[in-house]
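Visitor: So the protein sequences, as listed, match chains A and B.
Sequential numbering of the first sequence, starting at 54, is according to the working numbering.
Sequential numbering of the second sequence, starting at 315, is according to the working numbering.
Hint data in this document are derived by calculation from the structure and do not stem from the laboratory.
Accuracy of the hints is not assured; some may be wrong.
Claimed, not checked - The calculated label-pair distances, taken between Cβ atoms and stated as ranges, are: (1) A/Gly77 with B/Leu616: 31 to 37 angstroms; (2) B/Asp512 with A/Gly77: 23 to 29 angstroms; (3) A/Gly205 with B/Asp486: 53 to 59 angstroms.
Stated by the list, open to error - Chain B is faced by these chain A residues, among others (derived, beta-carbon under 8 angstroms): (4) Glu84; (5) Ala89; (6) Leu130.
In this text the structure is predicted, and so the values were computed from the model without any measurement.
Backbone N, C-alpha and C define an ideal beta-carbon position, used for all residues, glycine too.
Each chain is listed here by its residues.
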Amino acid sequence: MAALLLLALAGAAPLRPVAAQAAGPDGLKAEVVYRALMFVNWPAEREHGRALQLCTAGDSGLETALQGLAGRSIRHLSIEVRRLARPDQLGGCHLLYLSEPRPAWRALLDRQPVLVLSDQAGMLDQGAMLNLQIEDGRIVFDVDLDAVRRAGLAISAKLLRLARYVRHPATSP
Amino acid sequence: MKYLIASAACGLLGLLTHAGAHAAPGAEDEDQLEALLRREVQGPSRYAQSLMDAPAAVSVITRQESAALGHQTIGDMLGRLPGVYLGNTRSYSNLGVRGFNRPGDYNSRVLMAIDGQRVNDAIYDQGLPQLEFPVVAEWAKRVELVQGPGSSIYGSNALLGVVNVVTLDGADAPGLSVLGSAGSRGQRRVEMHYGATDAAGGDLFVGLNLQRTAGETLFLPELGTADGWIRGLDGERQAAVLAKYRLGRWKLSMAAVQRDKDAPTAPYGTLPGVSGTRYTDRQLMVEAAYDEGWQDDLRRSLRLGLSQYDFRGRYVFGQSPDVIDRDEAYAQWLTLDARVLWRGLLNHELMAGAEIRTSPYGIQRNYQVAPYESRLDSDVSQDSAALSVQDQWRLSQHWQLTTGLRLDHARGFSPALSPRTVLVFRPDERQTLKLMWARSFRSPNLYERYYDDGGQTQLANPGLKPERLGSAELAWEYLLASGQALSANLYDTRLNRLIEQVPLSDDPDAVVQYVNRGRVRLRGLDLGVEQRVEGGWLWRASASWMDARDEQGRRLSNAPTWMVKGHAITPPWRAWQLGVEWTALGTRLGRVKVPPACFVNAQLSYRIDARQSLALQVDNLLDRDNLDPSSPDAALSAIPQSRRAWRLAWRTAF
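With the hints as extra help, turn the sequences into a complete structure.
Guide: What follows is the structure, given as structure tokens:
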């Protein structure tokens, strides 16, 4: 009976076996970052140019994956990726990726319109505004909304809805 | 709390207006981001941290491990998880967790599910792990054991744990794969599965399993046959099929099984050493499910399931003239389950659910065939309805609080309330700590309430009340930088109004009756270590301490106080791979005290080419003579477990 069913089902529809889709965690994270940036707005004067600068500090898999976003566009802005060696090279950056806590960089970032990105646990306490994590085999992200607002950036409510955790005035300790 | 909601709402409103001033991203961007967030991350970190945030302590075994260990059944897979011990009465298999495995029980206190659909039937609550189960190991993507009570989501039966078998999609196992195996004791098996996806996005998986064994020749002098040997009475045959098709928001699935088992142990006073005493169980489960996915802040899903279960028991009490008794049981039940998830409030995910279950037939019959004499002819319908709510609240980057409540009302019983609360603490990426408290229940089943063979072996007890269970648990998991995960699970579980089979006199052949009898306390600790990084050796080991006692402080029967187990799988070497698993557990009480049991199983596999492989599988490699405490229906004081058996399996893919 079951063999018949199998044959009937296989014969009835144009079915073809395909391999399961696979994606490495860092490639997927970079793609999430790219899509999430669609929902972020910088102050008007920072969106006048043609480039959106993604700056990275520290070695990690995600840093390499972010390089792959160069040349893609967000609205009218074209993405450029820059690797920083020192905090004084921050000028012009729209986004800064920190792979680990960096107190020296944090001081310079204060009230700058720079979105700070990380993918390490607990990094919202170390200045990250958007922190990607893996939960239950999928990418999730936390947002520090207070920090985003202090930096003069705007994040769409649509993005917040997809966040795992949003730190905002009512939830801050 | 009110302040929180208000300020969150204000915050969102403010943001909406703020965002509106700029070029707003379209719905398409949102869909694309959501699709990315739904995708599974592949690679070494995929499984490593996967369940550290889940609002429950979950033990998992995947297809990859079970394939390398040569598993055939879901029970083989479950047996690798901490705190689980399997047994066999040679009529049915059984499953013990937390030192709880009542002899003669049909696993009514662990909820068994296939892709979330309940397996436990509407007469015995039976959900057994071996060949009684409608799904075999090759069709399971993974088996999850959710430790502790789960009634706040699943309702009745989810007392000690919930086992969910996640089956393969067509995309997970594309093409046709066929396994043929043969071995000692007349073991023969054919398993095949086929997976495919179509251009429209449809996904098909079909599996078929056919197997049989002649069983063992057993030396059981207690049964009083002429030379003490029982020959040719341990046969088992099984046929199972699984088919599922998913297209967009819809999923249709069907699982069915038939299992026949000869009874060698002369149960219920049947003639020993005589063929014809046997059991047949059939189960069919069909489900149509609809899941809208997230639409803005809302996700709605609906499942409609139809199941039926059929049992036939044949008992030979006399020969020339033949005296044959038969048991028949048949039930059909329909379940409608609707769920709504809502994420409109920042950091919360709320779930509300409703479930209606109706079982128009619940037939139990017992009769003597010739001359015909009916002793039991009972048909009882059952209906129940339930409402549930759950809030998953992300308190901070590190803390998460999940609170749930379910109200069940089954006709004829007072409403049952099942609350559950879990606090999850993630101090860092490598560590998780979960504190859980929950209450659960189980309604007495039709067998316990109404089975009555005219007072020959059992009396009915329609007045039984539901069992209640309360549990507090603490689970800890730590992921070492080198890729091993350490885990500890501590529990204190109290079961009230336990329903047990009680003999009504001191006579060894006394008539029994199920009664609500006293309290049981289960305390214990499971410790585990597991290699989580793929690519090299795969191994895990666990040690469990269990203390299962009744209200007088006496140890429960069939409850070991300790158990250690583990397995190791070598990396493929040239075309070879070896998988070895072992289990040892302490003495158990029963009609007689059963000594510590120990067994080792192994599989050596050889990859012939990209499409074909051969495997030699040996169960109970050391040929240990293990015993299980006896069930009340058996004439034996202890049940001998399977001795060494081997089989050779050939698999080919097309």
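Visitor: Now tell me, hint by hint, if it's right for this structure.
Guide: Do the hints match the structure? See the list:
1. Distance hint for glycine 77 of chain A and leucine 616 of chain B: a CB-CB separation of about 35 angstroms, consistent with the stated range 31 to 37 angstroms.
2. For the pair aspartate 512 of chain B and glycine 77 of chain A, the supplied restraint of 23 to 29 angstroms holds, since their beta-carbon distance comes to about 27 angstroms.
3. With their beta carbons about 47 angstroms apart, glycine 205 of chain A and aspartate 486 of chain B fall outside the hinted range of 53 to 59 angstroms.
4. With its C-beta approaching chain B no nearer than about 6 angstroms, glutamate 84 of chain A sits inside the 8 angstroms limit, and its interface hint holds.
5. Taken as an interface hint, alanine 89 of chain A checks out: its beta carbon lies about 6 angstroms from the nearest beta carbon of chain B, inside 8 angstroms.
6. The interface hint given for leucine 130 of chain A is broken, as the beta carbon of that residue sits about 11 angstroms from the closest beta carbon of chain B, more than 8 angstroms.
Checked against the numbered hints given earlier, this structure breaks hints 3 and 6; the rest are met.
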